[in-house]
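Trainee: Protein chains in written order, with our numbering: chain A, 11 to 225; chain B, 207 to 686.
Errors might be hidden in some of the hints.
Claimed, not checked - Here are the simulated DSS-like cross-link-like pairs (lysine-lysine), alpha carbons at most 30 Å apart as the crow flies:
| # | chain 1 | residue 1 | chain 2 | residue 2 |
| --- | --- | --- | --- | --- |
| 1 | A | K155 | B | K363 |
| 2 | A | K87 | A | K221 |
| 3 | A | K221 | A | K210 |
| 4 | A | K221 | B | K300 |
| 5 | B | K642 | A | K210 |
| 6 | A | K34 | A | K121 |
| 7 | B | K562 | A | K221 |
| 8 | B | K300 | B | K354 |
| 9 | A | K35 | A | K121 |
| 10 | A | K87 | B | K363 |
| 11 | B | K363 | A | K221 |
| 12 | B | K363 | A | K34 |
| 13 | B | K502 | A | K210 |
Calculated directly from the structure, the hints in this document are not laboratory data.
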Amino acid sequence: MTTLISQLLLEIVFGTIVFLHITKKNFSMVLAYALQSLALSAILLGSFFETGNMPLMLIALFELLVKVFLAPIFFIKLIQKHEVPFSTSTYLNTPLSLIVIAALTFIAYSKKFLPLSSIVASHQALLALALAAMFLSFFLIINRKGALSQIIGILSLENSIVAFSIFAGLEQSPALQLGIIFAIIIWLIIARVFMSMIYKHFGSLDITAMKHLTD
Amino acid sequence: MELFIIFAAFIVATIISSLVKQRGVVEFFSVAASAIGLFGALRVALQVAATGSYTPVALLHVDALGAIVLLVIFCVGFVAAIYSIAYLRMETSKNIIGVTRVRQYFILFNLFSLAMLLAVTANNPIFAWIAIEATTLSTAFLISFYDKPSAIEAAWKYLIINSIGLLLGFFGTLMYFTSVIVSDGGAFMSWQALAASAAGLDSLIAKIAFIFVLIGYGTKVGFVPMHTWKPDAYSKAPNPIGALLSGALLPIAFITLLKFKSITDAVVGPQFSQQLLIVFGTLSIVVAALIMLNAKNYKRLLAYSSIENAGLMALGFGFGGMGAVAAILHLIYHSLVKGVMFFSSGNLLLKYHSAKIGKIKGALSVLPTTSVLFIAGFLVVTGVPPFGMFVTKLQILSAGIQAHPAVSIIALAFMALIFISFLKHSTAMFFGEPPKDVVHGEGGIWLLIPPVLLLAVIIMLSFYIPPFLASLLHDAAALY
Chain A
11 MTTLISQLLL EIVFGTIVFL HITKKNFSMV LAYALQSLAL SAILLGSFFE
61 TGNMPLMLIA LFELLVKVFL APIFFIKLIQ KHEVPFSTST YLNTPLSLIV
111 IAALTFIAYS KKFLPLSSIV ASHQALLALA LAAMFLSFFL IINRKGALSQ
161 IIGILSLENS IVAFSIFAGL EQSPALQLGI IFAIIIWLII ARVFMSMIYK
211 HFGSLDITAM KHLTD
Chain B
207 MELFIIFAAF IVATIISSLV KQRGVVEFFS VAASAIGLFG ALRVALQVAA
257 TGSYTPVALL HVDALGAIVL LVIFCVGFVA AIYSIAYLRM ETSKNIIGVT
307 RVRQYFILFN LFSLAMLLAV TANNPIFAWI AIEATTLSTA FLISFYDKPS
357 AIEAAWKYLI INSIGLLLGF FGTLMYFTSV IVSDGGAFMS WQALAASAAG
407 LDSLIAKIAF IFVLIGYGTK VGFVPMHTWK PDAYSKAPNP IGALLSGALL
457 PIAFITLLKF KSITDAVVGP QFSQQLLIVF GTLSIVVAAL IMLNAKNYKR
507 LLAYSSIENA GLMALGFGFG GMGAVAAILH LIYHSLVKGV MFFSSGNLLL
557 KYHSAKIGKI KGALSVLPTT SVLFIAGFLV VTGVPPFGMF VTKLQILSAG
607 IQAHPAVSII ALAFMALIFI SFLKHSTAMF FGEPPKDVVH GEGGIWLLIP
657 PVLLLAVIIM LSFYIPPFLA SLLHDAAALY
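Next comes chain A alone, as it looks inside the complex (with noise of 0.2 Å):
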């Protein structure tokens, strides 16, 4: 694959991730948490072409299989039983929350994280961008409200990190990154339970209506 269609493939990791933190709406979340999953599926896809190795094209179906369809239906059959069609506030305002991605970005570009991005040279531009959408992804997991956008988060950091290992040539053994996507699956779906069962405890995601830990 070549460098420029995994920059746009990255850099639609990146855009969902900045998508993410100004929708207000929980549908267009779990949409664009599919396309940044799609975009990274491509991108696993991509690293089969280039090595011919089979095991390689079972886990980006398997990714795609499990972060594009299963997710997705997951969290909007969430949003339809509960009937919760717009996302809970964030800590920061908008304005202030695109000046901390803006800062965050050019920290992931800055020389203090030289080393993490120039693991693989030809890549670095790659890491740099990886990196950045995991500290996107961090920063989205603290200042959403909604216990679907801390989980949507968690899981944009989880693609983030995968996106950056691919570049940097860290990929595990076929039969790890199985185990890896298995372990996703049963998060996926406890985090699911916990979902309905904070529904049914709090009337809705809005994590700052849980205040039973007081004492």
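Starting from the known structure of chain A, fit chain B onto it as the hints suggest.
Mentor: Just chain B now, kept in the frame of chain A:
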């Protein structure tokens, strides 16, 4: 062979707990699996003491520290399984939970044990990461077991914080693989192979990787400031699970961290990781001590005590030398004593129906044996002589007094504060006039045998360390 038998035992126990509805059968198989786990761990420990390591297949490996932790996990696990039966029977008799919940409890209990076994024995950092992630997933529902808003909140906090921590740990773990990009990328790398290729790791990347791993697995250990999930999770989980979270899960995350420490030390020297451990260790002791002084909930008090002891272990490994040996021994004592304290506090909870310190009065006359056990636990955990923890605390501080006198003095001062806190809270709980509506008398013999057993082991280990354990301690300290 032993490991496969333990794996099989827990898989069978999980399947039976899922399929069979008879409570007695579920309980029997769960205790039997834990007993097999303890027996198998003992056999593995004896083999490791004799030969240095145990590798039944390339995928699984147990070194000296792994053998110690395995033994600790199944010692606490076996006793927790026995205690769980009596504890949950008491809760069902009081209509706190139904019989279906008991089955769910044992399914998760067995899965948790299985995940812990895998985490200790996995011979690959990513494989170990998956297993540790599995411990988070299996325990999340145990924390929300009582299905109350506060329990859901604690479990959610646990799930989110630990998932973020583990993802950061995962990123750090991947960084260690940069040393093998060219030669062996994508292959299954054992811990030993990764350590052997440490020379190829860039020193700056090694430092960044260790920071990520320290934050990641440090979240699971409960170092301050990543500790915030711990008091909530410990206080909301059923008491036997609190014992396992503190006595078994904490050591697992700790030894995973130490495995990365040894690789990092090979690249950049020991000073870098030691300084970080000293910083996190001191912070954990200080913050825990300050909060414990005004604690209002005795289960949260135990959680902060775990944070303090994790900090002390970090100091031991940070100081190195004799400090590391003492830290490993401290890890053993801590796991055992937390079993004693969580089980005895479980008895208090069953009797008084409250975990609030202010609501427990005159426990010594209401539950005399339980009270003695809790007080003994408090004396052990605060390092009162002649218990072994006095010696390990003394050794850790002695190891640091020359190179880090200020840290040692701060740690000593705050440890004294923790003793005062425990004394203050224990005096309030165990003396005075008990409430009129509380019926005097212990809940049953099986609620007392488990903590008594653990206390007996602590007392024995305070005065006599079996030769095989001494050999494991020596080997483990040399490795880390």
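Trainee: Indicate, hint by hint, whether the structure satisfies it.
Mentor: Here is what the structure says about each hint:
As the CA atoms of K155/A and K363/B are separated by approximately 13 Å, the hinted pair is consistent with the 30 Å bound. Taken as a hint, the K87/A and K221/A pair is honoured in the structure, with Cα atoms around 27 Å apart against an allowance of 30 Å. Using a Cα cut-off of 30 Å, the hinted pair K221/A and K210/A holds, with the two alpha carbons roughly 15 Å apart. A hinted pair counts as satisfied when its Cα atoms are at most 30 Å apart, and K221/A with K300/B qualifies at roughly 27 Å.
Between the alpha carbons of K642/B and K210/A the distance comes to roughly 37 Å, so the proposed pair goes past 30 Å and is violated. With a C-alpha separation of about 34 Å, the suggested pair K34/A and K121/A falls outside the 30 Å cut-off, and the hint is violated. For the suggested pair K562/B and K221/A, the alpha carbons sit about 18 Å apart, so the restraint of at most 30 Å is met. With a CA separation close to 17 Å, the supplied pair K300/B and K354/B stays within the 30 Å bound.
Simply put, K35/A and K121/A have alpha-carbon atoms about 36 Å apart, too far for the 30 Å limit, and the pair is violated. For the given pair, K87/A sits about 23 Å from K363/B by alpha-carbon distance, which is consistent with the 30 Å threshold. In summary, the hint linking K363/B to K221/A is supported, as the alpha carbons are separated by about 12 Å, within the 30 Å threshold. Using a Cα cut-off of 30 Å, the hinted pair K363/B and K34/A holds, with the two alpha carbons roughly 23 Å apart.
In summary, the hint linking K502/B to K210/A is supported, as the alpha carbons are separated by about 29 Å, within the 30 Å threshold.
In terms of the numbered hints stated before, the structure departs from hints 5, 6, 9, listed from lowest to highest.
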